[in-house]
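Q: Sequence:
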Amino acid sequence: MTSDKKTKIFALIFLFVVMFICTIFIPHIPVSKSYHEFADSRSCMGIPNFGDVISNFPFALFGFLGVLTVIKMSGEKIFLKWYHSWPYLIFFCAVILVSLGSSYYHLDPSNGRLYLDRAPILIGFICLFTAFFADRINQYIGIFLLFPFLLILGCGAFLWDLSHLHAGGDLRFYALMQIYAFVALPLICWFFPKNTYTSNRHLYLILSWYALAKVFEVYDQKIFESLAGLISGHTLKHFVASIAVFVVIGMLRRAKRSLPV
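Numbering (my numbering), first residue to last: 3 to 263.
Source of the hints: derived by calculation from the structure; they are not laboratory data.
One or more hints might be untrue.
[What the hints assert, rightly or not] List of simulated lysine-lysine pairs, BS3-like, C-alpha gap at most 30 Å:
1. Lys10 with Lys83
2. Lys258 with Lys196
3. Lys35 with Lys224
4. Lys7 with Lys83
5. Lys196 with Lys7
6. Lys224 with Lys10
[As the list claims (entries may be wrong)] Here are the in silico distance ranges between beta carbons for each label pair:
7. Lys83 with Asn202: 18 to 24 Å
8. Ile73 with Lys7: 31 to 37 Å
9. Leu102 with Ala177: 20 to 26 Å
10. Lys216 with Leu153: 20 to 26 Å
11. Leu70 with Val220: 30 to 36 Å
12. Val19 with Val217: 16 to 22 Å
13. Ala177 with Leu70: 31 to 37 Å
14. Leu164 with Leu102: 16 to 22 Å
15. Asp6 with Leu70: 38 to 44 Å
For clarity, every value in this text was computed on a predicted model and none was experimentally measured.
Quick reminder that beta carbons are idealized off the backbone N, C-alpha and C, glycines included.
Please model the entire structure based on the sequences and the hints provided.
A: Listed below in structure tokens is the structure:
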């Protein structure tokens, strides 16, 4: 490993350490009770909060499509090593769990149910980060060392959050994992341009669609009112976030076309 590569990896580690220390010293971030009061609470066909529940279907659809894509690529020996497919396969499985967990949560929103929504989302972020790290820097280190380490951190974040459930939880470390991924992934693509399965363009599309989804989440009520009650911001959030998953599938298909069979 060259000194330049070591310096760039150190910069990524240093960034995480700084963000982690800052997270420790900021006040707890509980989930407010008003968070569970979504704009569109209408029922349909006996399903409460119908819009926010049914809009999770694209996650299941694209999750299954992604799993099939990875399995097909593995069968065609597109992945250069048998373990290269792991982050992508687990990512799409996590997306399917997002569909189930989010649907269950929106049937009766509460802090207890919210964990089943958040957990697969965090796993998805960890898988995506691992996929880019492994592809750009080192497959073996990324999959066999970084991935388990990040999963342990993710479990720690949720255990910490659960330990503060009586006070509404504590989202600091959950937010840290997502924010760090948003900042570090573009840096990884910039520092390490050589790639096999990932692409800069697809990453920027993934982050853009997800960022737009967060905007829809924040302006849930205003969007619902602006559209005369047709659809809420949170429902749109689900549809838009699922597009980011579809972009990951497109990224893998691009890799399939560019690699020799």
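Q: Now tell me if each hint is right for this structure.
A: Tested hints:
no., hint, in the structure
1, Lys10 with Lys83, "holds, 25 Å"
2, Lys258 with Lys196, "holds, 16 Å"
3, Lys35 with Lys224, "holds, 19 Å"
4, Lys7 with Lys83, "holds, 23 Å"
5, Lys196 with Lys7, "holds, 12 Å"
6, Lys224 with Lys10, "violated, 42 Å"
7, Lys83 with Asn202: 18 to 24 Å, "holds, 23 Å"
8, Ile73 with Lys7: 31 to 37 Å, "holds, 33 Å"
9, Leu102 with Ala177: 20 to 26 Å, "holds, 23 Å"
10, Lys216 with Leu153: 20 to 26 Å, "holds, 24 Å"
11, Leu70 with Val220: 30 to 36 Å, "holds, 34 Å"
12, Val19 with Val217: 16 to 22 Å, "violated, 30 Å"
13, Ala177 with Leu70: 31 to 37 Å, "holds, 32 Å"
14, Leu164 with Leu102: 16 to 22 Å, "holds, 20 Å"
15, Asp6 with Leu70: 38 to 44 Å, "holds, 39 Å"
Going down the numbered hints, you'll see the structure goes against 6, 12, while the others check out.
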